Amino acid sequence: MKRPSLGSILCGLIPFAAVCFPVVLWDRVYPMVWGLPFNFFWLLTWLLLTPLCMWGAYRLEVRRNPDGRNNGKGGAQ
Amino acid sequence: MSASLVALTLICAIIGAGAFIGFYAGRRYKMDLEQWTVGNRALGMVLVWLLMAGETYTTFTFLGASGRAYSWGGPVLYILAYQPLMYVVSFYILPQMWEAGKRYRLQTQADFFRVRYGSKYLEALVALVGIIFLIPYIQLQLTGLGLIVEAASFGGISRTPAMVISFSIVAGFVLTSGVRGAAWVSVLKDFLLLFAAVFIGIAVPYHYFGGIGPMFTALAHAKPEHLVMPGATKNFGHLWFVSTVLMTALAFFMWPQYVGACYSAKDGDMLRRNAVIMPLYSITMPLVLIVGFTALLVLPNLPDGDLALLSIVRKTFPAWFLGVIGGAGALTAMVPAAVQILTAATLFIKNFCRPILAPSMADAQVARLAKATVLGITAIALGFAIRSSTSLVALLIIGYTGVAQFFPGVVLGLYSRRVTTGGVFAGLISGVGIVGFLGLTKHEPFMGFNAGFVGLCFNFAVTAAVSLLRPVELRSFDEHLPQGIPE
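Chain order of the listed sequences is A and B.
Position one of the first sequence corresponds to residue 1 (my numbering), numbered consecutively onward.
Position one of the second sequence corresponds to residue 1 (my numbering), numbered consecutively onward.
Hint data in this document are derived by calculation from the structure and do not stem from the laboratory.
Not everything, but these chain A residues come out facing chain B in the computed CB check (under 8 Å):
1) M1
2) R3
3) P15
4) F16
5) C20
6) V24
7) D27
8) R28
9) V29
10) M32
11) L36
12) W46
13) L47
14) P51
15) M54
16) W55
If you're wondering where the values come from, they're calculated on a predicted model, not measured in any experiment.
Think of the CB as a built atom: it goes at the ideal place given N, C-alpha and C, for glycine as much as any other residue.
Using the sequences and the hints given, assemble the complete structure.
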């Protein structure tokens, strides 16, 4: 199978990095943002930012296989 | 009309509507094995989205997530964290899996293993492990459905008849419409669930505290330690959080029923676009957690956290709204259960019985026997649920950690040319063995780490070590040329 490009994998690593590794820093109640505890707010933000990162990854993948859309073959060559 | 009667009527109306859609969906199609299991690989973007969302948001998500917000506190945030990440993982796996599925006419996860690794014993092992973890999951849907319908009808329908009636309907539309039926019932289910979650998530805190912000302020004053990890738990700290989030995000699309959903897509690019937008559906999860947190302040002494959402909804809303919740809750159990039953039945006949007992069995025969097995599996799960057997609960706890052990075989099968059949076999057995042992002896977390994560690390190590010791048999799917399935 054709591997995803490095660029698109990097896009996918952004939400992992943001959610998993700084957990010691974001797991706190204060400062509250929009009435939400900070940890809740942080994860909610990444719920919304993840589609943005993946949209970037998608653009990169599609540019790599411009014929990958709708022809039933994906990126197989 | 009495409150109970109003709620009862609405619940029956919603389940009836779901049943009608489910039966109607497959009416125009000839239900051969390909149509039944993967909808002839012809489902469009919206239906695939609904099917995946429909299977993902089960009663466990609904009752379990709010229940854990109630009884665990902070560590429940792992749910908010893994949900977007599992779709990130799917972006890099599902389109490739779909492509292999299309080329070699794969219908199940065990098919994938058979064709990639050329071993019917690995195929049977994958099928068996999948079934072992699916049956308690089906039982859990039943139990959740019983709880929801009983509570929402003010006891008007008790648990057992609710479970028997709705699961007869499930078995019925699985038989007539296959995976298409589940996808179409999801349309109604997702609409109701979205409405219910948004409405409850906003209205409940508003009713008692004047808004979500004031509710959190009150909770932060009353129990500040509840909102951060490890919350009310003993040892679910940051290490547990990170390992659980990683394990669950990798494991999620290893559940055998999602593989079928993946194969049912019309094209592979659709699965990529799906992965981009799916996290937005998770926006209901924070609201469900908020209901659990509110319940902790309003009803602090519930015997069981999993009742938190239903108890507070019953205390807060009028009867008709409970009816909607009851109906939505019932469909939330029925849609995932339908696909789980279908998957377990197909795995049992096609990938366990056929290769071991009757290699010459034709696909038409497989389809007939799998449909008969649907009834058997529904009956087994019903039996366990009615006798409320707790031994299966232990299996469910290790369910996610168990299916996570398919990950090395799938991802290396797609991308590595050096992995061997023996390596995957040994890795899968050692991974399942480790999570089974740690789970059943209650070693979760193990030295601070999620047990499934520990199993997965061992699994990868064993797979790599055994693979490197022996020459490789099949380097990739492409070695099966000319195209076709080696039987």
